[in-house]
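Student: Protein sequences appear in the order of chains A and B. When we follow this note's numbering, the leftmost residue of the first sequence carries the number 1, and every step to the right adds one. When we follow this note's numbering, the leftmost residue of the second sequence carries the number 452, and every step to the right adds one.
Among the hints, a few may not be true.
Stated by the list, open to error - No farther apart than 20 Å at their CA atoms in a straight line, the calculated lysine to any residue pairs in the SDA-like style are these:
1. B:Lys548 x B:Val611
2. B:Lys471 x A:Glu218
3. A:Lys373 x B:Val565
4. A:Lys294 x A:Ala317
5. A:Lys373 x B:Val611
6. A:Lys373 x B:Val541
7. A:Lys405 x B:Asp468
8. A:Lys321 x B:Leu503
9. A:Lys405 x A:Gly391
10. A:Lys373 x B:Val639
11. A:Lys275 x A:Ala317
12. A:Lys373 x B:Ser602
13. A:Lys321 x A:Lys405
14. B:Lys471 x B:His545
15. B:Lys631 x B:Pro496
16. A:Lys399 x B:Leu503
17. A:Lys196 x B:Ser602
18. B:Lys631 x A:Gly391
19. A:Lys38 x A:Glu218
No wet-lab data here; the hints were simulated from the structure.
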Amino acid sequence: MLELDDIQHILLTRTPALTGRYVFLSFADPFSGRTWLKEIIATVRSAAAVDTTGDTSSWITAAFTWNGLKALGLDDAALASFPDEFRLGMAARAAVLGDTGHNAPEHWVDGTAGDNLHAIAILFARDAGERGRCEMEHDSLLTRCPGVQVISSLELEATPPFDYAHDHFGYRDRLSQPVMEGTEDIPYPGCGGVLKPGEFILGYPDESGQDYPMPVPEIGRNGSYMAYRRLEEHVGLFRAFLAEHGETPEEQELIAAKLMGRWRSGAPLTLAPEKDDAELGADLNRCNDFNYAKEDPHGYAVPLGSHMRRMNPRDTAVNMKRRRMIRRGATYGSHLAEGQPDDGKERGIAAFIICANLIRQFEFAQNVWVNDKSFHELGNERDPIIGNQDGTLEYKIPKRPIRRKITGLPAFTTVRGGAYFFLPGIGALHHLAGLGDASAATAAPVLEATK
Amino acid sequence: MATALDKPSESNALPIDEVKGRQSAVAIPDGGYFSDRVEQGRYGPIFPRTPLNYGFTIIAKIKPGTRENFHAYAANIEKAVAGVPDVLDVLKLHTLKWVLFDINEETYFMYQGVFDTDFDKYTEDAVGIFAATGINTVFENLEGFPEDWKSNPQAFIQFVRDHHRPSFMEYAEYSYVTAKEVKSALEVKRCFSTILDNMQL
C-alpha cells in the first residue's frame, strides 16, 4: 500500500503545466536552510493531496543535494546512509555519465556543478500569471531568509503548438511512462507492465525480490532520487543537418525519425516504417505496442543506435524492469519558428529522471545505453540525440541492400547543468525542518497536519 | 572519455583500427592499468581493452570441504546451457575457464573469463544471471564472498576486483574481434556454402 499522503506529488503525478521555474539554492547556515524549508513545506503537496483537475494552478516540489542535507544539519550517521554516487554528486560522476568535453561540468552555466548547491524548488504552473504570483511569494520568502542565496533559476516555457507536449526539435514527448503497483494508473500496451513501487520509491519492495537498500528510514522512507539534466537543443544545427541529409521534406522527416526511432508525431517506425501516421503517434494505446527481437532484429525500421532503442531496448535486453525511470520536466527558452535562422539563444529541455537507485538506473542508462560506443556492437556510435558527440562518431541506418552511414555526426544537444537531488517524503521534509529544534515535533503529527 | 582507440602513451602496441582481426600483443603495466588511459565505470576504474577485448582472472580460496560443490555446479551450467543455449548471453562472453588447484593443502578456484564488454557495464544483469544459473553458488563457496551480494552489486563487484589478478600481457590471433562478429562470419560462411550447394542443381 503506497503512503500517498507522504509521497511528494511529482513522483506520481504529471501536472497540466505550461510554464514553471526551477530555483537553485544555497544555505549559508543550517538555521537559514531550515527556516526556508519550514515555510516552503506548506506549499508542497503530497500525491494524495495534489489536485490537477480543479482550481489548483501551481505545483511545488522541494529536493536536496547531499551537501544540502548536510547544510540543513543532518547528522553524520544519516548522511553516511546515502549511497556514494549521490554523496559525490552528478558533477563528480561526469566521467561515468559521459559528461566530458563540451558537456563537462566546467562548462555548465547554472552553478549546479558547485558544492554550494543545496536545494531546488520546482514550480510548475498552469499559466504565466500564476507563475508570476508564485515567484513573488517565493521572492518574499527569500527576503525573510537572508542566509538563503539563489545560485540560479531557470524559466520554463512550453513550445508551440501547445496541444501536445514536444521538445524544441519537434519530437512528441510523454509517450512512455512506467506504471507502478498501488496506483490507479493502467499501463498502456507495450509500456512494460506494472512495476513494483520500490523501483521508484524508497521503502517498498522492488523487482529484485531482495532486501532493498535505503537511507535511514526517517529520511529515506517515501523518498526518491532525482537526476536533473539541463540539455540545450541546437535547433538550427539540427534543422541544417536534416536539410543536408534529406533532399526533400519527406526525406528530412525520415532522417529525423531514424535518429529518434519515431516520427516527430510520435508514431514508432516499427509500426509506421515508411510513412508518418500522426493519428498513431497520438494514440497511447497503440504507439508503444511493439517489440524488437522478432519484429525488427536488424534495425531496418528502428536503427539499432536510435535514441528510442537505446533508452528502452525492450525485449532485446534483460532485466528491463530494473532499468525503468520516471521522467518529469519541461522545455525552456524561446521557440525557434520553422524557417527562422538560429538566433544563438539557449533553448532546450530541463528534466528530472526519478529512480530509487541512481547507479543501477540513471547511471546505467547514461553509461551503457547512451554513451557506450559498443552498444548493440555498433562500434563507433553514441546516442544521436543526447549522447556525447565530438564530431568523430557515426550513425548507421540499416537499409537493404546497403546500409546508410552518416559520418561526423554533430552534437545536437549539450549538457548545460545537472545535479543529483534527494526527494524526501512529506514527513521527512518536516523532520529535516525540525532538525536542531529543541521541541522538534516527530514526523507523524506534523504529517497529519499537512493532509 | 578515454576510448579504446586512444593509444596509451606507455604502450608500444599498434592502434586497434590497424590490427583488428590480425595478430597483436599488448604488454600491460603492473597493476593492470595504463595510467593515462583509465576509463571510469560506474563501480570504479575499468581495466583496459586488450586484443582479447575484456575479461578477468579471479583467484580465490575455497571454503574447506566444498570442492565437490564446484564439480556439481559445473554440471549445472552444462545442463543450463544445453537447455537454453543463450542463457549466458548477457555476459557477452567468448570463453570461460574454471580451474581448481592446491597450494599448501588449501584449494583455490580460478575463474577466467573473456568478454566483449567490461564487467562493470552489466554487473546487475550478471548478478541476475548468476542467480538464475547456479554460478552464484560457486561463488558462495569462496572465502570472503559477500553474503548480501544479490542486493548489493557494489559488494559483489568489489569481491571481483579484490580477487582479480590482471594480466601483464595478452595476445590474440584475431585481435579485438567480438563473439558476435565471429558468429556472424560463420553464419555468412554457412549461407554461402548453402548458396554454392544450390548452384550445383
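Student: Would you mind marking each hint as holding or not holding in the structure?
Tutor: Going down the list of hints, with the structure as the test:
As the CA atoms of Lys548 of chain B and Val611 of chain B are separated by approximately 16 Å, the hinted pair is consistent with the 20 Å bound. Proximity of Lys471 of chain B to Glu218 of chain A is assessed by CA-CA distance (about 55 Å); at most 20 Å being required, the pair is judged violated. Only pairs whose Cα atoms come within 20 Å are accepted, and Lys373 of chain A paired with Val565 of chain B is accepted, the gap being roughly 19 Å. Among the hinted pairs, Lys294 of chain A with Ala317 of chain A is consistent with the structure: their alpha-carbon atoms are about 13 Å apart, no more than 20 Å.
For the hint pairing Lys373 of chain A with Val611 of chain B, the CA-to-CA distance comes to about 24 Å; that exceeds 20 Å, so the pair is violated. Of the supplied pair hints, the one linking Lys373 of chain A and Val541 of chain B holds, its CA atoms being roughly 17 Å apart against a limit of 20 Å. Annotation: proposed proximity of Lys405 of chain A to Asp468 of chain B holds, straight-line Cα distance about 18 Å (limit 20 Å). For the hint pairing Lys321 of chain A with Leu503 of chain B, the CA-to-CA distance comes to about 32 Å; that exceeds 20 Å, so the pair is violated.
Among the hinted pairs, Lys405 of chain A with Gly391 of chain A is consistent with the structure: their alpha-carbon atoms are about 14 Å apart, no more than 20 Å. Proposed proximity of Lys373 of chain A and Val639 of chain B is contradicted: the alpha carbons are some 24 Å apart, above 20 Å. Proposed proximity of Lys275 of chain A and Ala317 of chain A is contradicted: the alpha carbons are some 28 Å apart, above 20 Å. Between the alpha carbons of Lys373 of chain A and Ser602 of chain B the distance comes to roughly 28 Å, so the proposed pair goes past 20 Å and is violated.
For the hint pairing Lys321 of chain A with Lys405 of chain A, the CA-to-CA distance comes to about 32 Å; that exceeds 20 Å, so the pair is violated. For the suggested pair Lys471 of chain B and His545 of chain B, the alpha carbons sit about 16 Å apart, so the restraint of at most 20 Å is met. With a C-alpha separation of about 26 Å, the suggested pair Lys631 of chain B and Pro496 of chain B falls outside the 20 Å cut-off, and the hint is violated. Taking the CA atoms of Lys399 of chain A and Leu503 of chain B, the gap is near 31 Å; set against the 20 Å cutoff, the hint is violated.
Between Lys196 of chain A and Ser602 of chain B the CA atoms are separated by roughly 15 Å; this keeps the pair inside 20 Å, and the hint holds. At most 20 Å may separate the alpha-carbon atoms for a hinted pair to count; Lys631 of chain B and Gly391 of chain A exceed this at roughly 27 Å. Between the alpha carbons of Lys38 of chain A and Glu218 of chain A the distance comes to roughly 17 Å, so the proposed pair stays at or under 20 Å and holds.
Violation of the numbered hints given earlier is confined to hints 2, 5, 8, 10, 11, 12, 13, 15, 16, 18; the remaining hints are satisfied by the structure.
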